Amino acid sequence: MTVASDVKQCLSSVKSAESGLARLKEHAEDEEMKAIFTETMTTMSEIIEDLKKRVGKLELEEEQYKGF
Amino acid sequence: MPEWLDVVVRSLIFLLTLFFITKLVGKKQISQLSFFEYVSGITIGSIAGEVTMGLENNIYHGLIGVLIFGGTPFIIGLLSLKSKAVRDVVEGKGTVFIKNGKIMEENLKKERYTIDEMMELLRAKDVFQVSDVEFAILESSGDLNVLLKKENQPLTAKDLGVNVPPTKEPQIVIMDGEILDEPLATIGLNRNWLKTELEKLGVTIENVFFGEVDSYGQLAVDLFDDQIKIPEPSEKPLLLATMKKCQADLELFALSTNGEEAKKMFSENSKKLEKAIDKVTPLLRS
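For the record, the sequence lines run as chains C and S.
Residue numbering for the first sequence follows the working numbering, starting at 1 and increasing by one per position.
Residue numbering for the second sequence follows the working numbering, starting at 1001 and increasing by one per position.
It is worth saying that the hints were derived from the structure and are not from the lab.
Note that this is a predicted model, so its numbers are computed, not measured.
Positions of the beta carbon are idealized from the N, C-alpha and C atoms, including for glycine.
Be aware that a few hints might be false.
Stated by the list, open to error - Once the Cα atoms are required to be at most 25 Å apart in a straight line, the calculated DSS-like pairs of lysine-lysine come out as:
id, chain 1, residue 1, chain 2, residue 2
1, C, Lys15, C, Lys34
2, S, Lys1244, C, Lys15
3, S, Lys1245, C, Lys25
4, S, Lys1149, C, Lys53
5, C, Lys57, S, Lys1028
6, C, Lys52, S, Lys1264
7, S, Lys1195, S, Lys1236
8, C, Lys15, S, Lys1236
9, C, Lys34, S, Lys1245
10, S, Lys1245, S, Lys1195
11, S, Lys1099, S, Lys1149
12, S, Lys1125, S, Lys1028
13, C, Lys52, S, Lys1093
14, S, Lys1236, S, Lys1200
15, C, Lys53, C, Lys8
16, C, Lys25, S, Lys1271
17, S, Lys1125, C, Lys25
18, C, Lys25, S, Lys1200
19, C, Lys25, S, Lys1275
20, S, Lys1158, S, Lys1125
Stated by the list, open to error - Away from chain S, derived, C-beta distances all over 10 Å, residues of chain C:
id, residue
21, Ser16
22, Glu32
23, Glu59
24, Leu60
With these hints in hand, go ahead and build the complete structure from the sequences.
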């Protein structure tokens, strides 16, 4: 396993968590609950952005593992 | 008319009359909250019994009596809605038995309650020690209501300062294998959604005895066949676990990477995620 693949794995986990939150948000009835889910989703997408940038850099460094 | 037929007719007439009178006076009559409802409840019953079985009594007289005893509490009820003075007279006021943790002996005497009877009422409320009680009041219905001292009250989430997610009432969406459309519509879901959820659980609608949807939109079912095991809803704990794993990963990356910039980015994101996890944990745990 390389660093790049570890980070990619983490990135996809964060993405899956975000979509899970989105699903729960859709089904939540309470406004307060919805707000908390939305806030968490924003944090998750910020993390996703950062991780994507990092993956880009790592791919430059480890040319041979490029993909996805 | 033979006597037995007379009894049948009278019974049916009074049954119907009592039914409608109770409907008219409402739930208050059944719970007998005030003196008036208590008295009229007893009297209506005995008049009906008397006239049904005592065939020499005139049935119309019985009906008049029942109507008066049913109608008066109804009218008094309307009046007491409007006026506090009427209310105090008719429904009576509660008597304070314990105040600031001290027993009010005069009030006990006024209501002709002995200390034993008061203790019995306290025990009915699961209170075995007078010293646990801050305030207790004998309601006009004869119930004793008790306010415990703060340290003896059950612990609540508010006392602990714990955040708990708001909950809405669950909706029953399947009964006896039939889909109930109205509660489904109330929570903004439809039959298609229900079918997919049931497919996910791997059961058919005919096999479901009871199904309800909680405020997170999770379906829980009970099957006719209790031998079949259905998976518990695992979506939320799984989501929480995923988030925790991501946070741990980010922390690990922050430790193992050499680049300053990357280190900073990872540790910042890990902290952000930690905060987010703290926020959603109460929502995902239940």
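Lysine 57 of chain C and lysine 1028 of chain S were given as a pair; does the straight-line alpha-carbon distance stay at or below 25 Å?
Not OK: lysine 57 of chain C and lysine 1028 of chain S at ~75 Å, beyond 25 Å, violated.
Does lysine 52 of chain C pair with lysine 1264 of chain S here, judged by a C-alpha cut-off of 25 Å?
holds (15 Å)
Does lysine 1028 of chain S sit within 25 Å of lysine 1125 of chain S, going by the straight-line distance between their CA atoms?
Status holds; Cα separation ~22 Å.
25 Å Cα cutoff - pair lysine 1245 of chain S, lysine 25 of chain C
Holds. Lysine 1245 of chain S to lysine 25 of chain C sits at ~21 Å (cutoff 25 Å).
Do the alpha carbons of lysine 1149 of chain S and lysine 53 of chain C lie within 25 Å of each other, as the hint requires?
Not satisfied, since the Cα-Cα distance of roughly 59 Å exceeds 25 Å.
For the pair we were handed, lysine 25 of chain C and lysine 1271 of chain S, check the Cα-Cα distance against 25 Å.
holds (23 Å)
Could you grab the alpha-carbon distance between lysine 25 of chain C and lysine 1275 of chain S and see if it respects the 25 Å cut-off?
The given pair, whose Cα atoms are some 18 Å apart, holds under the 25 Å limit.
Straight-line alpha-carbon gap lysine 15 of chain C to lysine 1236 of chain S, limit 25 Å
holds (15 Å)
Over 10 Å to the closest beta carbon of chain S is the bar; see if leucine 60 of chain C clears it.
Per Cβ check, leucine 60 of chain C is outside 10 Å of chain S; nearest 13 Å; holds.
When you check the alpha-carbon spacing of lysine 34 of chain C and lysine 1245 of chain S, does it fall within 25 Å?
holds (23 Å)
For glutamate 32 of chain C, is the shortest beta carbon distance to chain S beyond 10 Å?
Given that some Cβ of chain S is not farther than 10 Å from that of glutamate 32 of chain C, nearest at about 6 Å, it is violated.
Run the distance test for lysine 52 of chain C versus lysine 1093 of chain S: straight-line Cα separation, threshold 25 Å.
Not satisfied, since the Cα-Cα distance of roughly 71 Å exceeds 25 Å.
In this structure, the hints that do not hold are numbers 4, 5, 10, 13, 17, 21 and 22, in rising order.
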